[in-house]
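For the sequence shown, position 102 matches number 103 in our numbering, and the numbering has no gaps at all.
Hints are supplied without guarantee of correctness; some may be wrong.
Below are the DSSO-like pairs computed for lysine-lysine, each with C-alpha atoms no more than 30 angstroms apart in a straight line [said to hold, decoys possible]:
#1 K153 to K127
#2 K87 to K122
#3 K153 to K106
#4 K158 to K10
#5 K158 to K87
#6 K127 to K10
#7 K87 to K127
#8 K101 to K127
#9 K127 to K48
#10 K87 to K8
#11 K138 to K106
#12 K87 to K153
#13 K158 to K122
#14 K14 to K48
#15 K106 to K12
#16 K158 to K14
#17 K48 to K153
#18 K101 to K5
#19 K127 to K5
#20 K153 to K122
#21 K127 to K8
#22 K10 to K48
#23 K138 to K127
#24 K101 to K138
#25 K48 to K8
#26 K106 to K5
#27 K158 to K106
#28 K138 to K5
#29 K106 to K48
#30 K106 to K87
#31 K14 to K122
#32 K11 to K106
#33 K10 to K101
#34 K12 to K122
#35 K8 to K138
#36 K153 to K14
#37 K48 to K101
#38 K11 to K122
Hints were generated in silico from the structure; no laboratory data involved.
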Amino acid sequence: MAIKIRKLKKKDKAALIEILQNTPEFTAEEVVIAEEVIDGSLDNPDKSGYFSLAAENEEGVLIGFISYGPVPMTQYAWDIYWLAVKSEFQGYGTGATLLKAAEGKIAQTGGRMVFIETSGKAQYDKTRRFYINNDYKEVCNITDFYAPGDDKVIYQKIL
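Turn these sequences into a full structure, and let the hints guide you.
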């Protein structure tokens, strides 16, 4: 499957929200926060510090996106905030392609390390394996961070 990576466009927003809402790991509250990040990347990425890329298939259908930004008060650390792919397109390299594209953009700006935070709950096992398979190392696990029984797991990759 051919995947095209491009900048996010304002017309993408409804499709992005639909992808987030149809991703069972994301709560309604998380979708609201993701929408704020999307808005920041669409309105003024340099001011907001939020940047996003979209993935579309060969028919031009939006199938995923990634949002990322520099960590405030650091010289070269960046965070990946959101990465989501339509369920029917998962497992075909879309997420890895988006991740590599964002890492490339980060490296072009002088970024040297990337962090990703996720949940330690069992339903995120696949997500955590994905990050490990893309050369991210677990660097921190904060017990009960989000809620009792829901740890915060932080991954890092040196570019």
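Outcome of the hint check:
no. : hint         : result
1   : K153 to K127 : 15 angstroms, holds
2   : K87 to K122  : 21 angstroms, holds
3   : K153 to K106 : 26 angstroms, holds
4   : K158 to K10  : 28 angstroms, holds
5   : K158 to K87  : 25 angstroms, holds
6   : K127 to K10  : 29 angstroms, holds
7   : K87 to K127  : 15 angstroms, holds
8   : K101 to K127 : 18 angstroms, holds
9   : K127 to K48  : 33 angstroms, violated
10  : K87 to K8    : 18 angstroms, holds
11  : K138 to K106 : 20 angstroms, holds
12  : K87 to K153  : 24 angstroms, holds
13  : K158 to K122 : 22 angstroms, holds
14  : K14 to K48   : 19 angstroms, holds
15  : K106 to K12  : 22 angstroms, holds
16  : K158 to K14  : 29 angstroms, holds
17  : K48 to K153  : 28 angstroms, holds
18  : K101 to K5   : 13 angstroms, holds
19  : K127 to K5   : 24 angstroms, holds
20  : K153 to K122 : 9 angstroms, holds
21  : K127 to K8   : 27 angstroms, holds
22  : K10 to K48   : 17 angstroms, holds
23  : K138 to K127 : 15 angstroms, holds
24  : K101 to K138 : 16 angstroms, holds
25  : K48 to K8    : 17 angstroms, holds
26  : K106 to K5   : 15 angstroms, holds
27  : K158 to K106 : 14 angstroms, holds
28  : K138 to K5   : 27 angstroms, holds
29  : K106 to K48  : 17 angstroms, holds
30  : K106 to K87  : 23 angstroms, holds
31  : K14 to K122  : 28 angstroms, holds
32  : K11 to K106  : 20 angstroms, holds
33  : K10 to K101  : 20 angstroms, holds
34  : K12 to K122  : 34 angstroms, violated
35  : K8 to K138   : 27 angstroms, holds
36  : K153 to K14  : 28 angstroms, holds
37  : K48 to K101  : 24 angstroms, holds
38  : K11 to K122  : 33 angstroms, violated
Of the numbered hints stated above, those contradicted by the structure are hints 9, 34, 38, listed in ascending order.
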